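Colleague: Throw the hints in and build the complete structure from the sequences for me.
Spelled out, the chains give:
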Amino acid sequence: MLDKDGIAKRIAKEIKDGFYVNLGIGIPTLVANYIPEGINVVLQSENGLLGMGPFPFEGEEDADLINAGKQTITTLPGSSIFDSALSFGMIRSQKIDLTILGAMEVSENGDIANWKIPGKMVKGMGGAMDLVASAKNIIVAMQHVNKAGESKLLPKCTLPLTGVNCIKKIVTELAVLDVLPGGGFQLIERAPGVSVDYIRQATTGKLFAEDNVPEMIFD
Amino acid sequence: MLDKDGIAKRIAKEIKDGFYVNLGIGIPTLVANYIPEGINVVLQSENGLLGMGPFPFEGEEDADLINAGKQTITTLPGSSIFDSALSFGMIRSQKIDLTILGAMEVSENGDIANWKIPGKMVKGMGGAMDLVASAKNIIVAMQHVNKAGESKLLPKCTLPLTGVNCIKKIVTELAVLDVLPGGGFQLIERAPGVSVDYIRQATTGKLFAEDNVPEMIFD
Amino acid sequence: MINKVVSGADEAISDIENGNTLMLGGFGLCGIPENCITALVKKGVKDLTCISNNAGVDDFGIGLMLQQRQVKKMISSYVGENAEFERQLLSGELEVELIPQGTLATRCMASGYGMPAIFTPAGVGTEVAEGKEVRNFNGKDYLMEYAFDADFAIVKAWKGDTAGNLIFRSTSRNFNPVMAMAGKITIAEVEELVEAGELDPDHIHTPGVFVHRIFQGAGYEKRIEQRTVRTKN
Amino acid sequence: MINKVVSGADEAISDIENGNTLMLGGFGLCGIPENCITALVKKGVKDLTCISNNAGVDDFGIGLMLQQRQVKKMISSYVGENAEFERQLLSGELEVELIPQGTLATRCMASGYGMPAIFTPAGVGTEVAEGKEVRNFNGKDYLMEYAFDADFAIVKAWKGDTAGNLIFRSTSRNFNPVMAMAGKITIAEVEELVEAGELDPDHIHTPGVFVHRIFQGAGYEKRIEQRTVRTKN
Numbered sequence: 043m044l045d046k047d048g049i050a051k052r053i054a055k056e057i058k059d060g061f062y063v064n065l066g067i068g069i070p071t072l073v074a075n076y077i078p079e080g081i082n083v084v085l086q087s088e089n090g091l092l093g094m095g096p097f098p099f100e101g102e103e104d105a106d107l108i109n110a111g112k113q114t115i116t117t118l119p120g121s122s123i124f125d126s127a128l129s130f131g132m133i134r135s136q137k138i139d140l141t142i143l144g145a146m147e148v149s150e151n152g153d154i155a156n157w158k159i160p161g162k163m164v165k166g167m168g169g170a171m172d173l174v175a176s177a178k179n180i181i182v183a184m185q186h187v188n189k190a191g192e193s194k195l196l197p198k199c200t201l202p203l204t205g206v207n208c209i210k211k212i213v214t215e216l217a218v219l220d221v222l223p224g225g226g227f228q229l230i231e232r233a234p235g236v237s238v239d240y241i242r243q244a245t246t247g248k249l250f251a252e253d254n255v256p257e258m259i260f261d
Numbered sequence: 043m044l045d046k047d048g049i050a051k052r053i054a055k056e057i058k059d060g061f062y063v064n065l066g067i068g069i070p071t072l073v074a075n076y077i078p079e080g081i082n083v084v085l086q087s088e089n090g091l092l093g094m095g096p097f098p099f100e101g102e103e104d105a106d107l108i109n110a111g112k113q114t115i116t117t118l119p120g121s122s123i124f125d126s127a128l129s130f131g132m133i134r135s136q137k138i139d140l141t142i143l144g145a146m147e148v149s150e151n152g153d154i155a156n157w158k159i160p161g162k163m164v165k166g167m168g169g170a171m172d173l174v175a176s177a178k179n180i181i182v183a184m185q186h187v188n189k190a191g192e193s194k195l196l197p198k199c200t201l202p203l204t205g206v207n208c209i210k211k212i213v214t215e216l217a218v219l220d221v222l223p224g225g226g227f228q229l230i231e232r233a234p235g236v237s238v239d240y241i242r243q244a245t246t247g248k249l250f251a252e253d254n255v256p257e258m259i260f261d
Numbered sequence: 303m304i305n306k307v308v309s310g311a312d313e314a315i316s317d318i319e320n321g322n323t324l325m326l327g328g329f330g331l332c333g334i335p336e337n338c339i340t341a342l343v344k345k346g347v348k349d350l351t352c353i354s355n356n357a358g359v360d361d362f363g364i365g366l367m368l369q370q371r372q373v374k375k376m377i378s379s380y381v382g383e384n385a386e387f388e389r390q391l392l393s394g395e396l397e398v399e400l401i402p403q404g405t406l407a408t409r410c411m412a413s414g415y416g417m418p419a420i421f422t423p424a425g426v427g428t429e430v431a432e433g434k435e436v437r438n439f440n441g442k443d444y445l446m447e448y449a450f451d452a453d454f455a456i457v458k459a460w461k462g463d464t465a466g467n468l469i470f471r472s473t474s475r476n477f478n479p480v481m482a483m484a485g486k487i488t489i490a491e492v493e494e495l496v497e498a499g500e501l502d503p504d505h506i507h508t509p510g511v512f513v514h515r516i517f518q519g520a521g522y523e524k525r526i527e528q529r530t531v532r533t534k535n
Numbered sequence: 303m304i305n306k307v308v309s310g311a312d313e314a315i316s317d318i319e320n321g322n323t324l325m326l327g328g329f330g331l332c333g334i335p336e337n338c339i340t341a342l343v344k345k346g347v348k349d350l351t352c353i354s355n356n357a358g359v360d361d362f363g364i365g366l367m368l369q370q371r372q373v374k375k376m377i378s379s380y381v382g383e384n385a386e387f388e389r390q391l392l393s394g395e396l397e398v399e400l401i402p403q404g405t406l407a408t409r410c411m412a413s414g415y416g417m418p419a420i421f422t423p424a425g426v427g428t429e430v431a432e433g434k435e436v437r438n439f440n441g442k443d444y445l446m447e448y449a450f451d452a453d454f455a456i457v458k459a460w461k462g463d464t465a466g467n468l469i470f471r472s473t474s475r476n477f478n479p480v481m482a483m484a485g486k487i488t489i490a491e492v493e494e495l496v497e498a499g500e501l502d503p504d505h506i507h508t509p510g511v512f513v514h515r516i517f518q519g520a521g522y523e524k525r526i527e528q529r530t531v532r533t534k535n
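Chains as they are written, first to last, in our numbering: chain A, 43 to 261; chain B, 43 to 261; chain C, 303 to 535; chain D, 303 to 535.
No false leads were slipped in.
From chain D, some residues computed to sit far from chain A (all C-beta separations above 10 Å):
| hint | residue |
| --- | --- |
| 1 | ASN320 |
| 2 | GLU435 |
| 3 | PHE439 |
| 4 | GLU493 |
| 5 | VAL531 |
Taking lysine-lysine pairs in the DSSO-like style, the calculated list, with each CA pair at most 27 Å apart, reads:
| hint | chain 1 | residue 1 | chain 2 | residue 2 |
| --- | --- | --- | --- | --- |
| 6 | D | LYS442 | B | LYS178 |
| 7 | A | LYS165 | A | LYS210 |
| 8 | A | LYS178 | C | LYS434 |
| 9 | A | LYS158 | C | LYS442 |
| 10 | B | LYS162 | D | LYS375 |
Hints listed in this document are in silico derivations from the structure and should not be mistaken for laboratory results. These numbers come from a predicted model, not from an experiment. The C-beta atom is built at its ideal place from N, Cα and C for all residues, glycine as well.
Modeller: Set out below in structure tokens:
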């Protein structure tokens, strides 16, 4: 079973050389720490930056330079700044190769719910609806089950949707799963020491698994 | 009867302090020479410039700095450069207070034709259709009659239209005329020495004239 | 050149009235018009509709206007950092309309570009789509979203000149340029105001034609919302 | 950072094929991609559809491609400066689609912004409106115009860096940034190519994400179409 950094580390393997990537808040942010050596990646922050760097050194914070999570950050050589409309323009025109974000629920047909729980204070969708509606490749990073022990991989989302038919891949503490074009979750890899049966029990949506589903390999 | 500079000079009196103005090719370009002292005006060139200045001094031409007529120009202090989309964005959102352009024909209801003569090589409408469709205030600078001696102020345009119901005012070598909201040309001023009858003969469209139409006054 | 300079925030916002719709630039607390917000609180104008990506924090930004119950309605994409906001929302004192961030930005831009409506796929198939026209282009569904209509846009820039030209600094640019284009009246406060001619025309982000009033602000706090750092080793 | 540098114009355009649709930046002869045009003439690729505000002059710019009969169709707003163009048009060798200049620019922008269509009042009530959807917003009619779909966009910038970021100079900016956003593949030639990190991120007009290939051009003629001057007295 993976911890959050393990999930981030596994997702980082999906990033290819030359990718422009948008990382959501939470586990997705951690992915930046595990991008393999020699892979050139540009991180987009949807508040208006391409070429996001690491956090600043103490004392070098700049109030004018933050990411979409409102954290102080830095820029890397070759970065560019733009306004919010152009930022979502490049998202909408699919110039961003990969979006990684968290979710409360994902359904068999790739629907995602991650912004609203009825009865709770709604904070807003931020840029999530724009990202999931436009990105050509979306990976969800999340826990396989919620705090109540219920599966977050469902036949149909129960929470208000963020986007429909958009999620392609899910990485959890238990597994890597693809969302099949015809519906259903295809088990691609198991976390070290986790059995297919265990994953099946934690997955309420339809799960497809080949005979010998490999364990994840970390270098 | 006015010459081209006279028409330009008369139109210049319509420009108010603080106006952003777009000047078309031909007589409209001459208007810039007659903007009264103490009137602050910013000239827009739709290829992407606010704050257009006069032609450069000989030897100081810059191939990268031209107006919409492809002429070498200069910028004034406070000018700004932008791309073609933003240029027409500000035109469309009516940030430009006044557009002055030439015409082949204007109709009683403010339609304008100025881009195409059937049977002749068509060069294109350039930015004229955008300008006339969006500007809140448009003045046409033109000769009252064409080379064949036919009126250019008509009940209905005979040439392909550039825009409909958009022209508010016309200044010719003979007169200043307003296009009435209900249709028809209201004679506002006569050129020095030109009679109302003469103007009426040169105007095929419906002409309204009060009893004592004043002569134009130039300072 | 046309001079857009006013004496300060009080003069700049003097004709904002109860019930007006305001756009306010900024992302979180980054790039917000601090001086104008202070002046709005002082003026005590009420029943405002505020279009702004966020609603500030309890004691800064739009949060200061919320404290004084000056806001009737917020139109935002994310409002999570404000307890007073939550209290007013749950008690029914405050109305909120949540909009996808890209839709918010593009509806501002549409206004500045004179486009009455735009198409975006954001929100298709969700409750955001309720009551909206859905249109299919090339096999993909889009929502038609309308341009915003705001009485005033209030933005914060880094530098500006007397002709109203604006230059923004780093990610404090965010919503400021698209809102600057979209106000019936646009008010810009800047950290440094210079004479027309001192800014390079090629570097200007917002041409002066969009800005009606400009002034040099004072005492910028530029509060950091999430101070995240690493340590040198 | 991702490196977008190619060796030169020949490599940059090597996969452009007969029948492709190209966007070409520039306004008149100002800001045109001279090196790529030379390379396209050399390559001899044919049956091109060219989206460009103008068609060059007889012996420069797109005029050079017209001379070689490489262009099947021009999509422009104004094509008045070119006798060979007129000859081919009248003889039926060349097809031309004339579009209002703002519509042309906005259809490029729409593509870059991922908006399948936009609304503009330009051309309402004229022959430009024929066959197009007219829609009324707030009492005013607008035409619905579609985003362009171009195989390649070829632009010219002043400075660029290895990450593909572009800065334009003066009015040679014109259509270049909106086309740079709109190509399936975008090729940029620049007068000066620098290392990533040498350009101020706040000054970049076109972020590198839109640019797929970049190279430093050579031998720019930058011909002036209408040399207008005044004399010192």
